[in-house]
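Visitor: The lines below spell out each chain.
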Amino acid sequence: MLVRNSERWASTTDEELARRGQDGDEAAFEALVQRHHATVYRVALSIVSDPDLAQDAAQEAFLKAYRGLGGFRGEAAFRTWLLTITANAARSMLRRRTRRKETELDQAPPVVSGGPDPSEQAVVAQEAAVARALLAKLPEKQRLSVQLRVDEGLSFREIGEVIGSSEGAARVNYFHGIHRLREWLR
Amino acid sequence: MNGSVCDRIRDRIPDHVAGRLAPGDAAEVARHLEGCGECRAESDLVALLFEGRPEAPRGLVGNVVAASRLRGATRHPWWGLAAAAVAALALGIGMSSRSPDPALDVPVYVSEADDREPLWLSDDGLIAGAPALEGLSEEDLMLLLQEMTVGGAA
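One line per chain: the protein sequences are S and G, in this order. So the first sequence is numbered by the working numbering: it starts at 1 and just counts up by one. So the second sequence is numbered by the working numbering: it starts at 1 and just counts up by one.
Treat the hints loosely; a few may be bogus.
As the list claims (entries may be wrong) - Pairwise CB distance ranges, derived in the manner of DEER restraints: (1) S:A10 / G:M142: 33 to 41 Å; (2) G:E51 / S:E7: 26 to 34 Å; (3) G:A66 / S:E183: 21 to 29 Å; (4) S:L185 / G:G59: 30 to 38 Å; (5) G:P57 / S:E15: 23 to 31 Å; (6) G:R31 / S:G74: 33 to 41 Å; (7) S:S119 / G:P57: 24 to 32 Å; (8) S:S119 / G:E139: 44 to 52 Å; (9) G:D11 / S:T13: 19 to 27 Å; (10) G:G62 / S:R96: 22 to 30 Å.
Unchecked claim - Every beta carbon over 12 Å from chain S, so not counted as near; a handful from chain G, in silico: (11) S4; (12) V5; (13) P23; (14) A27; (15) E28; (16) A30; (17) L33; (18) G35; (19) C36; (20) E38; (21) P57; (22) R69.
To be clear, the hints were calculated from the coordinates, so they are not data collected in a lab. For each residue, glycine too, the CB sits at the ideal point set by N, CA and C.
Sequences are here, hints too, so could you generate the full structure?
Guide: Listed below in structure tokens is the structure:
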């Protein structure tokens with residue numbers, strides 16, 4: 001059913017779906033969830049650094065968006081509005097949690113020799129895991145700027161809206177983050 | 001490394017890596033990467049990051065949809081809230097005694113950053129190596145970016 005719903009709304013913009021959602025069209029809201037759940041999850045994960053907590057934060061973010069659709073006035077893109085809610089929800093969840101797991105670099109899959117003849121794919125996967133683990137070590141705004149630009153393709157203006165910075169500051173945060181990652185990986 | 005060309009290419013690298021560029025733009029970036037080691041190194045890093053991006057857990061969509069249906073019955077349209085407020089006032093019930101509605105924790109004017117509460121509890125400026133950017137003008141930001149581009153990434 002979810003797949004059929006996704007196909008049904010394929011050519012409908014986020015903003016139109018949000019408008020329908022405001023009018024109580026649950027199917028339109030479901031289409032928004034299907035369209036953005038991966039991005040919302042990744043943003044939440046970037047902030048809380050815990051997969052289980054990120055899932056809870058993502059769910060919370062969507063529910064807040066659902067209940068707050070009336071506050072969406074279409075002055076910004078729905079996606080940036082939703083991601084701002086996500087950032088707030090993830091931070092609130094992090095505050096509420098008394099004991100949180102710290103994601104440390106050494107929790108990433110270790111870079112070890114992959115056996116006598118490791119496939120190139122396995123090596124790339126290991127290197128990618130290390131790069132993501134290092135990404136998690138960046139300061140928050142740099143991390144979110146890199147992630148939103150690379151993973152989600154947001155413009156620097158959109159990133160600025162989500163992280164509460166100007167477009168120029170988002171750009172600097174992104175390139176500063178990339179620069180530091182290159183230094184660490186040298 | 002050609003500064004202005006590289007700057008333009010570097011802006012597009014994430015979209016190139018993710019296949020989000022139009023064919024003509026993608027070809028232009030690919031041609032540049034063949035001849036520019038600096039941009040190629042950055043592209044390699046961005047490709048690694050993109051390759052390693054986490055997938056959302058299976059079942060997340062279903063959980064969200066189920067939860068929204070469960071809580072849907074408690075969602076009040078704007079006229080419902082208005083009616084409730086009028087009724088509460090008529091009955092002399094102080095609205096301040098209500099617990100905050102989580103639905104109110106959503107931004108209304110996303111495009112106007114100054115109207116919002118700060119998103120971030122931590123101050124990146126307090127972390128070593130992270131510049132405090134918020135007080136800088138656009139000109140200063142561009143200067144900083146230029147310094148990082150010219151002097152740092154090599």
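Visitor: So, for every hint listed, does it hold in this structure?
Guide: Quick rundown of the hints versus the structure:
1. S:A10 / G:M142: 33 to 41 Å: Cβ of A10 of chain S to Cβ of M142 of chain G: about 39 Å, so the range 33 to 41 Å holds.
2. G:E51 / S:E7: 26 to 34 Å: At roughly 28 Å between Cβ atoms, E7 of chain S and E51 of chain G fall inside 26 to 34 Å, so the hint holds.
3. G:A66 / S:E183: 21 to 29 Å: Hint violated: Cβ distance 45 Å, outside 21 to 29 Å.
4. S:L185 / G:G59: 30 to 38 Å: Once the Cβ atoms are compared, 34 Å apart, the range 30 to 38 Å for G59 of chain G and L185 of chain S holds.
5. G:P57 / S:E15: 23 to 31 Å: For P57 of chain G and E15 of chain S the Cβ distance comes to about 28 Å; the hint holds.
6. G:R31 / S:G74: 33 to 41 Å: 40 Å, holds
7. S:S119 / G:P57: 24 to 32 Å: 26 Å, holds
8. S:S119 / G:E139: 44 to 52 Å: Given about 49 Å between the Cβ atoms, the range holds.
9. G:D11 / S:T13: 19 to 27 Å: Once the Cβ atoms are compared, 25 Å apart, the range 19 to 27 Å for T13 of chain S and D11 of chain G holds.
10. G:G62 / S:R96: 22 to 30 Å: 25 Å, holds
11. S4: 15 Å, holds
12. V5: Label holds. Min Cβ-Cβ 16 Å, cutoff 12 Å.
13. P23: 17 Å, holds
14. A27: 19 Å, holds
15. E28: 18 Å, holds
16. A30: A30 of chain G is indeed farther than 12 Å from all Cβ atoms of chain S, at 18 Å.
17. L33: 15 Å, holds
18. G35: 19 Å, holds
19. C36: 15 Å, holds
20. E38: 10 Å, violated
21. P57: Violated: least Cβ distance 6 Å, not greater than 12 Å.
22. R69: With a cut-off of 12 Å, R69 of chain G comes too close to chain S, as the shortest Cβ separation is near 7 Å.
Hint compliance for this structure: hints 3, 20, 21, 22 are not met, and every other hint is.
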